[in-house]
Amino acid sequence: MDRIAFGSTFAESIKAKSMKTNLRIFTERPHLRNPSLMVLMKLSVDGHFDKSCFEKALQKLKDVHPLLYSSIFINDDGDAFYQENAVQQLELYCAKREYPNQWMEVAESENKKPFNCEKGSLIRFFVFYSDTDFDILAAVHHLLGDGDAIARLLWDVMCLYAGNNLPVQEQTLISNENDFPPKARLSFPAKMLIRSLNTTWNKGTQPRFGEKEFQEMFNQYHQLADIGLSYSTINKSEIDGLHNVCKAHGLTVNTALVTAFIGAMQEEYPDSSDKKLNVGIPINIRKQLSFSPNGCLGSFASAIKIAYKYDSKKDFWQNAVLVNKKIKAKMKSTQAQWLLLNIYARMNPLLIDAMYFAAYGGCNDKAAQKAASMLSIDNASDTAVSNLGRLNFNSQIGAYSIRDWVFFAPKAPGSYAVLGVATFNDTMQIGYSFDRKIISSAMLGNIQSKLLYLLKTSSCQLHE
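Residue numbers (my numbering): 313 to 776.
Treat the hints loosely; a few may be bogus.
[Unchecked claim] Derived lysine-lysine pairs resembling DSS-like cross-links, with alpha carbons at most 30 angstroms apart:
#  : residue 1 : residue 2
1  : LYS768    : LYS626
2  : LYS768    : LYS625
3  : LYS626    : LYS599
4  : LYS524    : LYS682
5  : LYS495    : LYS642
6  : LYS682    : LYS588
7  : LYS503    : LYS425
8  : LYS372    : LYS503
9  : LYS524    : LYS588
10 : LYS374    : LYS424
11 : LYS642    : LYS768
12 : LYS617    : LYS644
No wet-lab data here; the hints were simulated from the structure.
Since we're looking at a predicted model, the values are computed, not measured.
Let the hints inform the model, and build the full structure from the sequences given.
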């Protein structure tokens with residue numbers, strides 16, 4: 313869809329502060345040249361939309377979230393930095409809503425449109441409005457934050473739009489390994505592996521890739537992948553039933569979601585029916601840090617991975633208990649939780665960039681090819697369930713009422729189906745990001761139906 317159709321950007325420019333602040337990009341560094349890391353989030357709001365007021369709310373965000381107005385600077389060593397206040401204005405596109413779920417078409421198209429990180433901005437806002445309500449869609453580069461950070465950002469947008477004031481805050485980020493917990497250090501074998509990769513890289517040609525090369529690689533990746541979106545809804549009564557039966561079994565709702573996803577995938581997706589399904593599970597690490605992020609933008613998440621084959625001879629909850637054991641085993645290990653962040657922290661940043669080009673941009677560097685293979689960058693063989701849990705925000709903000717909240721987690725190059733889950737106002741929305749060249753839309757519909765069936769029928773067992 314032509315972006316001109318959404319109307320012009322801000323009528324008045326946002327004046328930059330006189331001083332630019334550079335903040336080192338550390339845990340976010342692997343996101344910089346990743347061709348498939350768009351975070352998409354949508355709110356539906358009851359109330360009148362006023363474009364001018366919304367523009368003013370975005371202007372005020374500069375003091376609340378200074379990272380929002382950043383571009384990216386990369387030095388000769390490959391170290392990257394957020395340049396705060398380098399962006400003069402954010403992108404905003406507004407249109408009168410012509411049909412329900414109009415935002416979904418734009419969300420899908422946004423996945424295929426790269427950001428220019430060196431110029432900024434790293435976020436695009438879209439508003440589709442009627443006389444009585446409006447949808448806000450945010451398309452966000454993962455460099456700006458994880459799902460929890462983006463959710464907080466949109467809540468702050470609504471608070472400012474409703475006329476509330478928010479405190480000015482200083483941006484804090486994970487800046488080095490000293491911010492990691494003491495028990496989060498890499499094992500000796502992992503250290504040796506990363507050291508070997510870096511040594512091989514240093515002995516090679518060490519190719520560098522700028523914004524022009526990234527745009528080309530991005531387009532090549534999106535010719536190979538066709539990212540589709542869909543979502544399912546679980547209402548309050550169903551959520552309450554699911555919560556109660558999970559509690560009765562001593563399990564979490566997240567474990568039930570992961571189990572249902574594995575069961576649905578293995579029944580409806582033929583390629584996964586006879587083997588274990590790899591499932592990545594992002595985890596919030598804010599409470600493990602040596603400082604408090606205090607609602608800041610940034611990436612404060614890591615991930616664990618489990619592999620499980622759903623046993624059709626066992627009932628759902630028997631499978632869920634086994635899935636839970638695998639999750640708990642990983643979560644008991646601080647080292648396992650921080651493994652991915654530690655790997656990237658020790659890799660040469662230019663090698664991190666190059667591995668994406670080795671997978672999708674024709675780079676022949678041996679270290680980059682090995683890194684891409686080791687981290688499954690070149691092979692969409694995994695899935696993921698990214699659950700934000702209950703978003704503890706009030707649904708009523710002044711004259712406005714947030715009706716629902718939908719989250720699409722990024723479908724990274726190493727995955728072919730990813731769930732983004734958010735529960736708000738007693739309603740759970742399950743967003744699916746999937747590669748249509750691997751899973752057809754019809755097959756995805758069957759997976760959605762089976763997942764809901766497993767959750768709902770299993771919840772009913774408590775009352776039988």
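Status of the hints after comparison with the structure:
Proposed proximity of LYS768 and LYS626 is supported: the alpha carbons are some 17 angstroms apart, at most 30 angstroms. A distance of roughly 19 angstroms separates the Cα atoms of LYS768 and LYS625; the hinted pair therefore holds under the 30 angstroms criterion. For the hint pairing LYS626 with LYS599, the CA-to-CA distance comes to about 36 angstroms; that exceeds 30 angstroms, so the pair is violated. Restraint check for LYS524 and LYS682: satisfied, since their Cα atoms lie roughly 24 angstroms apart, inside the 30 angstroms limit.
With a CA separation close to 14 angstroms, the supplied pair LYS495 and LYS642 stays within the 30 angstroms bound. Under the criterion of a C-alpha separation no larger than 30 angstroms, the hint pairing LYS682 with LYS588 is consistent with the structure, at around 24 angstroms. With a CA separation close to 36 angstroms, the supplied pair LYS503 and LYS425 exceeds the 30 angstroms bound. Using a Cα cut-off of 30 angstroms, the hinted pair LYS372 and LYS503 is violated, with the two alpha carbons roughly 44 angstroms apart.
Annotation: proposed proximity of LYS524 to LYS588 is violated, straight-line Cα distance about 39 angstroms (limit 30 angstroms). Our distance criterion of 30 angstroms between C-alpha atoms is met by LYS374 and LYS424, whose separation comes to about 27 angstroms. With a C-alpha separation of about 28 angstroms, the suggested pair LYS642 and LYS768 falls inside the 30 angstroms cut-off, and the hint holds. For the hint linking LYS617 to LYS644, the alpha-carbon distance of about 13 angstroms falls within 30 angstroms, and the restraint holds.
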